[in-house]
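From first to last, the protein sequence lines are chains A and B. All letters in the first sequence, in the order written, are residues -17 to 255 by the working numbering. All letters in the second sequence, in the order written, are residues 21 to 398 by the working numbering.
By construction, these hints were calculated from the structure, which means they are not laboratory data. Ideal Cβ placement from N, Cα and C applies to all residues, glycine included. Keep in mind that the hints are not guaranteed to be accurate.
[Claimed, not checked] Below are the DSS-like pairs computed for lysine-lysine, each with C-alpha atoms no more than 30 Å apart in a straight line:
(1) B/K285 with A/K226
(2) B/K162 with A/K221
(3) B/K292 with A/K226
(4) A/K7 with B/K285
(5) B/K249 with B/K162
(6) B/K63 with B/K162
(7) A/K7 with B/K324
(8) A/K7 with A/K159
[What the hints assert, rightly or not] Listed next, the stretches of chain A that the computed footprint assigns to chain B, with coverage defined by at least 3 CB atoms under 8 Å from CB atoms of chain B:
(9) 169 to 181
(10) 192 to 199
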Amino acid sequence: MPGQPDSPLCVAVLVKQVPDSAEIKMDPRTGTLIREGVPAVMNPDDRLGLETALALKDSLGALVTALSMGPIQAVDVLSEALAMGADRGVLLSDRNFAGADTWATSFTLGRALERLMSQGPLDLVICGRQASDGDTAQIGPQVAEHLGWPQVTYVERLEVEGRELRAWRRLPGLVQKVLCPLPAVVTVLATPQAPRWPLVDRLLWACREAAPLEVWDAADIEAPAARTGLKGSLTRVVKTFSPKGQRVTQWLEGTAAEQSQALLAELRGHKLI
Amino acid sequence: MAPRSDPQKLLRQVMARFVREEVAPVARQVDESGRFPRELFVKLAQMHAFGLRYPVKNGGAGGNATLYCIMCEELAQGLLSLAAIAAKQCLMATNFLHRFADQEMRQRYFLPALRGELVGSFCLTEPEAGGDLGRVSTTAVKDGDGWVVSGMKTWITNAPVADFFTVLCQTDPEQGIRGLNFFFVPRGTPGVQVSPGFQTLGTRSTEISEVAFNDCRIPARFLLGQEGKGLGALLAILAEIRAMTAALALGLAKAAYQAGFQYAKERSAFGKTINQYQLIQSKIARLATDIWAAELMLYDTTAKIDAGQRPSKESMMVKYFATEVACRACDEATRILGAYGYSMEYPVQRYFRDARFLLYGGGTHEVLQTNIARELGF
């Protein structure tokens, strides 16, 4: 039963497959991302989320489930999560989930987490701070709202003792230490240790038939089509483009003192000093 | 059943990221140090990389020659010496222990080697015997309940840091190559003497030296395999050794090609970037074609190995071809970079130096071409 002292801590980690930011380029003609030929990888912040969960597995014997929503190919990030040490992977994949904004995505993830809870205890949901292809940082907080659980965001260190977690939040110019009862949702932006590398033997195991990987569709999580994907989204991405900036070189003339004065005037004029 | 990931794609992706994040930032420093890259070696061991090609039941990952070559190829894109060291630990240094060691040796040497706690080395070449195994003069002579190993081995990769050696010895000179056998010799055995490391042109952090075996007495169980079957045991992995060398070459060729490709798109001359000049385009097009061909040859060969065949001719062909492609790619990359290719500030000079290492391991190209012709019935 959840919350019993002798039962292991059960953690779900949300992971997303994103285009490899090291490989991604903008098309200068159209201003859009060139996704063709760019390898898909695990979102870097989600790797931090997994590391946080796996550290709890190391110290407390937590059971870690990796959960992802995406096309069938997104099974790769779950295989990698298993290779890093996760115990189970669940992929939410259904044509109805396509084109979801953060609202519809967090609804879908929330329903999947509820299904996990119908199968066994769930004490903690860990997410990366944000996805590198969307940068919204909304999924964690919205999932917490969906579940009605407390949320702790921007966490760089996490400890769990009994039914309580201690989290260190990194905020601009300060670190805030908070206590929070479980169950809870946490978003992570750093870890004390660099995320562990996948193990080669577990990687090959994760690709075999016996690997603990499942695919759930809309029917499995009882998610109505009107609440998921494009239909369930409150927002639309109309256009993605690079902002156009242009450099203008201005030559300052005169003596060094005159040039300095002119430079100061320019900087003040642009409210830069 | 839920879909499963392609292990080849996933392994390649993980190793490429390992190279980008862990190897590339320190590659120059490691190369200049001329020292065994212990930290990277341990990191690979912690990823359980050295057991890649061994069965799960024996402490490995259950991979195969294709996966092994993918890993070698990716590592070679970051630092050839690290790739060569890892390749050796996965195959030549541990293969004979895996196949023939008793339980005690497995626990004491094989499994710690997979964990990166021990470094293994493979002693084949002698001052007067390289490709010509019939001239191996290191002997192992029966003496009571053990063997006495005597002789000199040279160009032994990892010897300065090795904890144990797998040594090719002649036990019956009258039998010629049929008298060849492999023996296990721990470094601490009285009579083992390792020379200081050689100064080499490339792969400078791969420490290489001579090893002298001065009447080294070892127990009977250190004979690896059945007496008289050493050559067969070597032939069983020879195609894989050559495919692995081709994989190292392919990785290096890709690294050099990428460096040239990227530079040509950024460097301007006479008012336009140099990738717009046909002579540069010709170099890039030819290299890309050669690299593709080498890749197809390599993974066709490893698929045959994984299917239980011994593609002797194909493995020689791909080792020969891929290495020539690597040498050409490194040469062309230094030309595309112009004087910057001559500067120690850029990795292209390292690729150029390192490429020469590949010409010798797995057979010189002069010997290989002769053997290929022979296999063709010429």
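Cross-check of the supplied hints:
Of the supplied pair hints, the one linking B/K285 and A/K226 holds, its CA atoms being roughly 22 Å apart against a limit of 30 Å. A hinted pair counts as satisfied when its Cα atoms are at most 30 Å apart, and B/K162 with A/K221 does not qualify at roughly 80 Å. Distance check on the hinted pair: B/K292 and A/K226 sit about 23 Å apart at the alpha-carbon level, within 30 Å; holds. Proposed proximity of A/K7 and B/K285 is supported: the alpha carbons are some 14 Å apart, at most 30 Å.
At most 30 Å may separate the alpha-carbon atoms for a hinted pair to count; B/K249 and B/K162 meet this at roughly 16 Å. Note on B/K63 and B/K162: the hinted pairing is violated, with a Cα-Cα distance of about 41 Å set against a maximum of 30 Å. Distance check on the hinted pair: A/K7 and B/K324 sit about 38 Å apart at the alpha-carbon level, beyond 30 Å; violated. With a C-alpha separation of about 39 Å, the suggested pair A/K7 and A/K159 falls outside the 30 Å cut-off, and the hint is violated.
Under the rule that three or more residues need a Cβ within less than 8 Å of chain B, the assignment of the region 169 to 181 of chain A holds, with 3 such residues. Given as covered by chain B, the region 192 to 199 of chain A passes the check, having 4 residues with a CB less than 8 Å from a CB of that chain where 3 are the minimum.
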